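In my numbering, the protein residues as written are 2 to 577.
Keep in mind the hints are simulated off the structure, nothing from the lab.
In this text the structure is predicted, and so the values were computed from the model without any measurement.
The calculated label-pair distances, taken between Cβ atoms and stated as ranges, are:
1) 109 to 12: 14 to 22 Å
2) 288 to 345: 20 to 28 Å
3) 282 to 336: 25 to 33 Å
4) 80 to 43: 26 to 34 Å
5) 334 to 113: 29 to 37 Å
6) 152 to 335: 49 to 57 Å
7) 143 to 288: 38 to 46 Å
8) 177 to 2: 19 to 27 Å
9) 336 to 189: 51 to 59 Å
10) 175 to 336: 43 to 51 Å
11) 43 to 162: 46 to 54 Å
Ideal Cβ positions, reconstructed from N, Cα and C, are used throughout, including at glycine.
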Amino acid sequence: MALQPGRGKIEGKHYLPSTPETVTWGDLPNALSKPVLSIDSGATVTFDTVSPEGILGDQGRDPDAFLAALGVAPPEVLADARAIAASGLPHRFGVDAPHIVTGPVLVRGAQPGDMLRVEVVSLHPRARYGIVSTRHGDGLFAGEFPEGGPPERGADARHWQRFGTLTTFCAVERRRGRLFGVLASANGTRARFPLAPFLGVMAVAVDSTTEVLPSTSVGLHGGALDCGDLGPGARLYLPVQVVGALLAVGDPHYALADGKIGATALEGPLRATLRLTALRDAATSSAIGALREPFIETDTAWVTMGVDVELSEAIRRATRSAVLFLHSRTGMERTEALAYLSAAGHLAVSHLGPGTQTAFCRIRRADFIEPAPAKSRLPRPAFARIVGAGDTTGPDEAADANPDTDPTVPHLDDAAETDGTATPGSTAPPGSTAPPGSTAPPGGAAPPEGTAPPAGTAPSTPEGPAPADVAPSRLVTPMRHGTAARHGSSSRHGLSARDSRRPREAKPTRTTRAARDSGPPGDAAPADQRVPLEGGLAHGGQPETGTRHRRDPVPDPVDDLGPPPLESDGVAGSSG
2 MALQPGRGKI
12 EGKHYLPSTP
22 ETVTWGDLPN
32 ALSKPVLSID
42 SGATVTFDTV
52 SPEGILGDQG
62 RDPDAFLAAL
72 GVAPPEVLAD
82 ARAIAASGLP
92 HRFGVDAPHI
102 VTGPVLVRGA
112 QPGDMLRVEV
122 VSLHPRARYG
132 IVSTRHGDGL
142 FAGEFPEGGP
152 PERGADARHW
162 QRFGTLTTFC
172 AVERRRGRLF
182 GVLASANGTR
192 ARFPLAPFLG
202 VMAVAVDSTT
212 EVLPSTSVGL
222 HGGALDCGDL
232 GPGARLYLPV
242 QVVGALLAVG
252 DPHYALADGK
262 IGATALEGPL
272 RATLRLTALR
282 DAATSSAIGA
292 LREPFIETDT
302 AWVTMGVDVE
312 LSEAIRRATR
322 SAVLFLHSRT
332 GMERTEALAY
342 LSAAGHLAVS
352 HLGPGTQTAF
362 CRIRRADFIE
372 PAPAKSRLPR
382 PAFARIVGAG
392 DTTGPDEAAD
402 ANPDTDPTVP
412 HLDDAAETDG
422 TATPGSTAPP
432 GSTAPPGSTA
442 PPGGAAPPEG
452 TAPPAGTAPS
462 TPEGPAPADV
472 APSRLVTPMR
482 HGTAARHGSS
492 SRHGLSARDS
502 RRPREAKPTR
512 TTRAARDSGP
522 PGDAAPADQR
532 VPLEGGLAHG
542 GQPETGTRHR
552 RDPVPDPVDD
562 LGPPPLESDG
572 VAGSSG
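My request is simple: use the sequences and hints to build the entire structure.
Right, here's the structure in full:
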């Protein structure tokens with residue numbers, strides 16, 4: 002069924018039907034035009050637009066009779082098209098512009114010098130058919146098509162067949178959620194093509210009290226842009242010339258090829274919902290740079306335009322606007338912008354044939370999306386370490402113990418490499434001289450690297466010999482990212498310089514937890530798994546006074562999930 006005026010879903014906050022009181026036939030608004038609707042900036046309006054096809058003078062100005070001849074049932078004819086055709090609105094076919102223009106709409110707060118942003122929220126076809134008309138004297142093939150003689154004398158609305166206009170009817174079908182136009186040939190061939198609806202005319206009022214522009218005009222006010230990029234989601238920027246902007250729309254299309262070769266598109270009525278927003282200079286500069294002329298923006302493209310009676314000059318103007326946009330919006334040098342357009346820009350023509358020419362220059366937005374900055378891998382402590390019972394390093398010292406960032410901290414492989422000189426905190430071998438700050442063991446030389454100290458001898462520490470009751474170090478999980486800890490690589494018998502400065506206690510490994518919890522409740526743990534209440538582990542496997550069976554909850558292991566994510570500056574809700 003046809004989407005009759007006022008029926009079905011109205012998506013906008015405001016609704017504007019096309020009636021003889023809310024439309025003009027072939028004219029655009031100027032400074033003296035009276036608005037038919039006033040809205041706040043940023044509000045949405047749903048327009049029920051009407052196609053002129055079927056109500057023009059060369060089609061009899063009687064949509065019921067004309068469409069019935071094409072097989073359209075009376076319920077499929079729009080009531081507002083009937084009302085406009087039957088009204089007393091003056092229109093001279095072949096003299097006045099053909100479009101039914103709805104509006105104008107006043108946007109409160111819009112002032113001259115502002116930019117009106119027209120966002121296309123949605124477009125819905127109102128009829129299940131569309132029409133492509135080929136008229137004498139129009140289009141790129143004027144004089145060739147329509148084939149046959151010129152219009153006959155005496156052609157008028159009552160004798161409309163004498164105009165010789167060729168009408169091609171297209172049905173609208175829905176397939177898998179998409180709309181298609183279907184053109185059935187007289188010999189049975191069917192051509193199916195996707196629909197891409199848009200409004201051909203969108204214009205603000207010109208700053209004139211005497212001039213009335215036709216709806217076919219194109220300029221700073223917008224007008225008959227006929228740009229297929231103006232589909233749902235597109236944003237059109239128009240310079241405001243009078244208070245309130247006074248926007249008017251019309252000429253709905255179902256589909257249009259670049260160039261508009263036959264002078265018309267697949268014409269069909271649309272229900273269009275638009276959001277109208279007045280932008281001040283700063284917001285305008287942020288969106289379109291230094292441009293102050295009609296500009297189209299979609300999710301995938303930026304589109305500039307140029308207008309002139311000569312096609313080559315129209316293309317130059319569209320390209321100059323693209324250079325200015327890239328220079329002021331993206332920061333490219335003008336020569337660089339021109340080089341980019343030569344390599345990747347896309348030129349298109351709105352209308353080919355007699356009259357004003359409109360060209361577009363399309364720029365892919367994806368070409369100018371900067372890659373996201375790589376996240377820094379901040380230094381962090383290892384997940385495990387070798388803990389000695391005598392390790393008393395404080396947290397302040399451990400904060401600087403990352404060898405990846407602190408060159409003064411030796412690596413595990415370097416901790417035992419000596420060139421005749423002992424490192425600070427280690428013991429010097431016989432015949433060598435200890436550097437300042439290091440001490441030799443009281444009993445003589447230190448054992449060679451990789452050999453265990455004599456039985457009953459406690460390992461030495463940087464502060465001096467370890468007390469007799471200090472136990473050997475305990476082995477815990479691998480150091481970093483699955484790399485096993487190396488033992489015997491320092492004079493501290495497996496305790497590296499990096500580990501000696503760790504601030505936290507070690508977490509038990511899976512092996513030690515399994516061994517610790519393997520016994521039945523109430524049984525004494527093996528001697529080497531007993532934890533003293535004070536001091537180190539028991540020596541020689543003998544239980545010490547004051548030991549207990551450790552059955553406290555096991556902490557969860559730490560997963561290697563990489564560095565924590567960085568928060569970007571200026572995130573809402575972040576504290577200063």
